[in-house]
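Asker: What follows is each chain in one-letter form.
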Amino acid sequence: MPARIGVVTFPGTQDDTDALRAARVVGAEPVPLWHRDPSLHDVDAVILPGGFSYGDYLRCGAIARFSPVMESVIAGAREGLPVLGICNGFQILCESHLLPGALIRNAGTLFINRDVKLRIGSTSTVWTSDYEVGQEILIPIKNGEGKFAADEHTLDELEAEGRIVARYVENPNGSARDIAGIANAAGNVVGLMPHPEHAIEELTGPYPGPATDGLAFFTSVLKQMVNA
Amino acid sequence: MARVVVDVMLKPEILDPQGQAVNRALPRLGFDGVVDVRQGKRFEVELEGPADEAALAQVREMAEKLLANTVIEEYRVRVED
Amino acid sequence: MTENAYQVDTVSRATETPETEQPYAALGVKDDEYARIREILGRRPTSSELAMYSVMWSEHCSYKSSKVHLKQFGEKAPEVDFLLVGPGENAGVVDVGGDLAVTFKIESHNHPSYVEPYQGAATGVGGIVRDILTMGARPVAVLDPLRFGPADAADTHRVLPGVVRGIGGYGNSLGLPNIGGEVVFDACYSGNPLVNALSLGVLKKSEIKLARADGPGNRVVLFGARTGGDGIGGASVLASATFDEDKPSKRPSVQVGDPFMEKVLIECCLEIYAEDLVTGIQDLGAAGLSCATTELAAAGTGGMDVQLDLAPLRDATLVPEEILMSESQERMMAVVTPENLPRFFAICEKWDVIATVIGTVTDSGRLRMTWHGETIVDVDPRTLAHQGPVYERPYHRPEWQDSLQADVPDSARLERPKSGEQLRETVLRMIASPNLADKTWVLEQYDHRVRGNTVLAHGEDSGMLRLSEDGLGIALSTDGNGRYTKLDPYFGAQLALAEAYRNVAATGAKPLAVTDCLNFGSPEDPEVMWQFAEACRGLADACLELGTPVTGGNVSFYNQTGAEAIHPTPIIGVLGVIDDVARRTRSAFETEGEILLLLGETRDEFGGSEWAHVVHGHLGGLPPKLDLERERQLAEILIAGSRDGMLSAAHDLSDGGLVQAIAESCLRGGHGARVVLPSELDLGNIDPGDIDPGNIDPGNIDPFVALFSESAGRAVVAVPRSEELRFTDMCKFRGVPVARIGVVDGDALDVQDQFTIPLDELREAWTGTFPALFG
Numbered sequence: 001m002p003a004r005i006g007v008v009t010f011p012g013t014q015d016d017t018d019a020l021r022a023a024r025v026v027g028a029e030p031v032p033l034w035h036r037d038p039s040l041h042d043v044d045a046v047i048l049p050g051g052f053s054y055g056d057y058l059r060c061g062a063i064a065r066f067s068p069v070m071e072s073v074i075a076g077a078r079e080g081l082p083v084l085g086i087c088n089g090f091q092i093l094c095e096s097h098l099l100p101g102a103l104i105r106n107a108g109t110l111f112i113n114r115d116v117k118l119r120i121g122s123t124s125t126v127w128t129s130d131y132e133v134g135q136e137i138l139i140p141i142k143n144g145e146g147k148f149a150a151d152e153h154t155l156d157e158l159e160a161e162g163r164i165v166a167r168y169v170e171n172p173n174g175s176a177r178d179i180a181g182i183a184n185a186a187g188n189v190v191g192l193m194p195h196p197e198h199a200i201e202e203l204t205g206p207y208p209g210p211a212t213d214g215l216a217f218f219t220s221v222l223k224q225m226v227n228a
Numbered sequence: 001m002a003r004v005v006v007d008v009m010l011k012p013e014i015l016d017p018q019g020q021a022v023n024r025a026l027p028r029l030g031f032d033g034v035v036d037v038r039q040g041k042r043f044e045v046e047l048e049g050p051a052d053e054a055a056l057a058q059v060r061e062m063a064e065k066l067l068a069n070t071v072i073e074e075y076r077v078r079v080e081d
Numbered sequence: 001m002t003e004n005a006y007q008v009d010t011v012s013r014a015t016e017t018p019e020t021e022q023p024y025a026a027l028g029v030k031d032d033e034y035a036r037i038r039e040i041l042g043r044r045p046t047s048s049e050l051a052m053y054s055v056m057w058s059e060h061c062s063y064k065s066s067k068v069h070l071k072q073f074g075e076k077a078p079e080v081d082f083l084l085v086g087p088g089e090n091a092g093v094v095d096v097g098g099d100l101a102v103t104f105k106i107e108s109h110n111h112p113s114y115v116e117p118y119q120g121a122a123t124g125v126g127g128i129v130r131d132i133l134t135m136g137a138r139p140v141a142v143l144d145p146l147r148f149g150p151a152d153a154a155d156t157h158r159v160l161p162g163v164v165r166g167i168g169g170y171g172n173s174l175g176l177p178n179i180g181g182e183v184v185f186d187a188c189y190s191g192n193p194l195v196n197a198l199s200l201g202v203l204k205k206s207e208i209k210l211a212r213a214d215g216p217g218n219r220v221v222l223f224g225a226r227t228g229g230d231g232i233g234g235a236s237v238l239a240s241a242t243f244d245e246d247k248p249s250k251r252p253s254v255q256v257g258d259p260f261m262e263k264v265l266i267e268c269c270l271e272i273y274a275e276d277l278v279t280g281i282q283d284l285g286a287a288g289l290s291c292a293t294t295e296l297a298a299a300g301t302g303g304m305d306v307q308l309d310l311a312p313l314r315d316a317t318l319v320p321e322e323i324l325m326s327e328s329q330e331r332m333m334a335v336v337t338p339e340n341l342p343r344f345f346a347i348c349e350k351w352d353v354i355a356t357v358i359g360t361v362t363d364s365g366r367l368r369m370t371w372h373g374e375t376i377v378d379v380d381p382r383t384l385a386h387q388g389p390v391y392e393r394p395y396h397r398p399e400w401q402d403s404l405q406a407d408v409p410d411s412a413r414l415e416r417p418k419s420g421e422q423l424r425e426t427v428l429r430m431i432a433s434p435n436l437a438d439k440t441w442v443l444e445q446y447d448h449r450v451r452g453n454t455v456l457a458h459g460e461d462s463g464m465l466r467l468s469e470d471g472l473g474i475a476l477s478t479d480g481n482g483r484y485t486k487l488d489p490y491f492g493a494q495l496a497l498a499e500a501y502r503n504v505a506a507t508g509a510k511p512l513a514v515t516d517c518l519n520f521g522s523p524e525d526p527e528v529m530w531q532f533a534e535a536c537r538g539l540a541d542a543c544l545e546l547g548t549p550v551t552g553g554n555v556s557f558y559n560q561t562g563a564e565a566i567h568p569t570p571i572i573g574v575l576g577v578i579d580d581v582a583r584r585t586r587s588a589f590e591t592e593g594e595i596l597l598l599l600g601e602t603r604d605e606f607g608g609s610e611w612a613h614v615v616h617g618h619l620g621g622l623p624p625k626l627d628l629e630r631e632r633q634l635a636e637i638l639i640a641g642s643r644d645g646m647l648s649a650a651h652d653l654s655d656g657g658l659v660q661a662i663a664e665s666c667l668r669g670g671h672g673a674r675v676v677l678p679s680e681l682d683l684g685n686i687d688p689g690d691i692d693p694g695n696i697d698p699g700n701i702d703p704f705v706a707l708f709s710e711s712a713g714r715a716v717v718a719v720p721r722s723e724e725l726r727f728t729d730m731c732k733f734r735g736v737p738v739a740r741i742g743v744v745d746g747d748a749l750d751v752q753d754q755f756t757i758p759l760d761e762l763r764e765a766w767t768g769t770f771p772a773l774f775g
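Residue numbers (this note's numbering), protein chains in the order written: chain C, 1 to 228; chain R, 1 to 81; chain A, 1 to 775.
Treat the hints as calculated values from the structure; they're not laboratory data.
All C-beta atoms, glycine included, are put in the ideal place defined by N, C-alpha and C.
Estimated spans, in silico, between C-beta atoms of each pair:
no., chain 1, residue 1, chain 2, residue 2, range
1, A, Gly-365, C, Pro-2, 55 to 61 Å
2, A, Asp-579, C, Ala-186, 45 to 51 Å
3, R, Leu-15, C, Gly-209, 30 to 36 Å
4, A, Asp-99, C, Pro-2, 25 to 31 Å
According to the in silico footprint, chain C covers these stretches of chain A (three or more CB under 8 Å from chain C):
no., segment
5, 160-172
6, 256-264
7, 441-454
Counterexamples of contact, computed for chain R against chain C with all Cβ distances above 10 Å:
no., residue
8, Asp-52
9, Ala-57
10, Arg-76
11, Glu-80
Can you build the whole structure from these sequences, using the hints too?
Answerer: Right under this line is the structure:
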């Protein structure tokens with residue numbers, strides 16, 4: 001039976017279609033989840049995709065975090081459910097306090113859509129086990145509020161505990177410690193500003209390539225479920 | 001009816017790119033002597049009853065839970081006359 | 001009730017008080033138009049009716065100055081079998097194969113973008129996207145052709161960043177990839193920037209929706225955002241002399257958009273369509289409720305009763321005239337059978353979209369509206385929607401046209417670079433000039449990838465989307481050259497079409513259909529009107545010859561400040577289709593050793609060229625000669641070459657000529673080129689006698705001409721050595737001149753016997769301009 005990967009749609013979410021496609025491409029069963037429905041429908045993992053949930057009103061992700069589905073996601077995450085928050089999803093995870101810190105306006109204040117190089121910092125998470133530490137990958141970013149901010153204590157803790165999942169090789173937005181993605185202590189919850197689901201096919205991935213460096217985020221979680 | 005105002009600002013240690021953009025723009029418009037600009041949000045909350053201690057406590061809770069992200073923002077609550 | 005309180009102007013009151021003075025002139029209604037309204041109604045109009053006539057009969061909504069010229073697009077339309085919906089509806093629809101159709105259209109939002117750049121541009125995107133949505137399609141992409149005043153002008157620094165942020169802010173929030181467009185600077189656009197927005201959508205052929213109200217008894221539902229005071233500046237004269245003090249003092253003339261509202265509206269509508277719950281649907285754009293009600297009523301069984309007081313309001317103090325003129329964004333109007341209403345409302349509730357029944361379809365032939373029970377509108381909707389004034393505005397060729405065309409920028413008139421060093425300097429100057437410079441600063445503010453189907457975006461000759469998993473795709477390009485069109489409006493319009501057509505073919509797609517945005521000065525100026533008439537004639541003739549019909553478009557008049565009109569700027573969007581997106585052709589030179597071939601003929605023609613503009617500030621002469629048959633042949637070669645795997649890269653030649661195209665392809669691919677300029681055309685086995693001699697003197701193509709001429713009908717391609725013969729044979733067979741001009745090699749742009757520019761230096765010049773100007 002194929003693993004079931006749930007992808008949540010909030011009002012204003014956009015990259016749900018792409019996250020569902022990524023799940024399908026790696027052989028999982030994509031399961032759309034609606035924000036008002038508290039049931040997770042027995043999925044093995046959850047993706048909070050990119051977009052502008054609730055129009056980014058108040059703060060990015062500030063309203064989405066109170067959805068019925070998020071209550072179940074938070075509870076599940078505490079029990080070890082794999083959760084990947086991409087871009088707006090990362091923002092929602094921070095607002096939910098499943099991950100520390102916050103994402104604020106890019107240092108240059110402008111929205112940036114660019115293919116950027118990341119360096120993998122940790123393969124001890126369910127979402128990055130298929131990479132190698134130090135590996136450089138090419139993944140698109142597209143956001144206006146992608147600058148990771150947290151107090152020094154939190155940043156030191158993230159470094160010391162090896163929870164910085166990916167860093168920018170050339171920091172595009174002023175993120176503290178060049179952080180592009182982080183994980184919780186247990187390694188099942190990962191937040192990532194760049195969009196791996198846009199780097200899974202030669203046809204539509206970054207050009208010049210490599211075009212498919214994002215696939216391993218999704219194959220990693222599959223392997224975890226097989227091993228579980 | 002009472003109106004309570006909540007001012008939300010980024011914590012001082014957080015870099016504020018929007019405030020900085022404004023700060024850079026002012027001299028171009030001919031304004032000198034500006035040392036710094038920080039940008040925040042102002043919420044005007046209209047309550048049914050009076051703005052007594054109980055009401056203010058409620059608004060502070062609103063600020064804690066929703067209006068401000070206390071990881072990076074701080075807030076002040078006051079009554080508007 | 002005080003003397004100054006608002007009094008509803010009802011039909012009965014209007015009938016009883018024929019002598020009442022009405023401020024129709026302040027609303028832009030002419031004396032003869034007012035007289036005609038009275039004649040149509042048999043009485044004076046109520047102030048609500050007057051509001052409706054004033055907006056529906058405005059230039060923007062009625063096309064009164066342009067109709068007589070636009071009808072050529074229908075009269076001269078080529079016979080095709082793929083046009084499912086032609087001009088006249090919200091957007092044209094084209095059959096692209098399988099069971100799929102594509103709907104696309106371009107519109108302008110020029111004046112609002114000058115007033116409030118961010119919101120003007122944002123609501124421009126919002127408006128065109130709703131037009132696509134209302135055809136029953138999911139909107140899947142946007143393109144934005146833009147024109148601004150000089151790049152270093154203070155006002156450009158006010159307008160450009162706001163416009164770009166607005167397009168990005170709104171389009172990105174809707175989840176629409178931005179896959180093409182242009183940014184062009186010219187002094188003629190100071191004070192009159194052009195913000196044109198094109199959107200396209202995909203739907204099943206069988207599921208096209210039209211804007212008609214059929215079925216007496218069916219309900220009329222207003223849904224989406226609440227109605228507020230957006231855009232009603234003019235309506236203030238209609239309410240009684242003074243306002244109540246309680247009213248908000250602001251009556252904004254600028255519309256403010258909420259992309260989140262539009263995003264949920266899109267998802268809500270698509271679910272409604274999937275369950276086939278509407279019999280007709282219309283979006284509320286210019287002229288808001290006035291337009292939606294009249295168009296739906298006029299197109300259907302002919303009548304509608306509306307209770308205007310049921311419209312959900314953001315501002316409770318709005319009076320009927322204001323409600324009717326409001327241009328609040330993100331609103332739609334649907335016609336729904338009573339049986340389907342509960343399900344319709346359930347879907348709206350799921351997406352938190354406000355929906356209200358405000359009326360009923362009738363067969364009375366009248367559009368009637370009441371306000372708290374009193375009738376305030378009673379008209380035949382066709383008189384508003386279709387029987388507006390039609391002007392035959394006078395036009396004549398300007399007296400200065402001849403001398404402008406006689407001012408040819410030949411070598412006697414404008415000094416040209418001669419030595420290799422001078423050419424080198426010119427290349428660097430040109431590639432750094434704002435119109436030719438790299439636009440990454442702008443393009444990074446747009447999301448190109450959302451929805452995961454973008455195969456080609458900015459930087460390529462056309463944007464391309466995958467439509468289905470079996471590889472079916474579409475391509476789109478927008479082009480327009482105001483300078484060419486000023487020199488010769490007939491050919492300038494044709495050249496715009498030819499360029500977009502060529503751009504689509506360069507990526508391997510077959511051009512199918514056209515949308516046009518005609519940006520001109522004041523139609524009250526006979527010289528501008530002549531430019532318009534000529535441009536329409538040229539476009540219609542070219543569409544017929546190329547077999548690509550106009551499916552819809554937009555006219556923007558009054559783009560002028562005082563007596564200075566903008567250059568006539570028809571912007572043409574061409575849609576193409578490709579069977580297998582995996583075979584698309586990129587423009588970058590990716591592989592060392594590949595052969596570079598120049599297709600087409602190069603002539604000494606610099607009228608309206610980028611070189612004449614940048615180096616000499618000169619505009620004069622004639623635009624490049626156009627041969628539509630050659631454009632067709634060239635397109636066929638590019639498409640066949642792409643499909644059969646003969647081409648590694650293709651790039652059309654346009655602004656800046658050959659050197660600009662080669663430089664861009666080198667920089668994108670990260671490989672240099674060793675170029676040998678054709679001192680004579682290498683015609684292979686083509687008999688020189690087969691080619692129209694024109695101004696060609698094969699033995700004397702000056703390097704400057706070879707590098708910078710903007711002759712039409714040309715492209716540069718890179719082919720693997722193994723494919724060269726097959727490809728050049730194909731060119732010969734189709735009668736298109738082909739010349740070997742070099743090879744992909746090294747890390748410099750090296751033009752034999754002339755100059756060498758390392759790629760790094762070229763890149764620095766190309767990419768430095770925008771960050772320096774706007775960063």
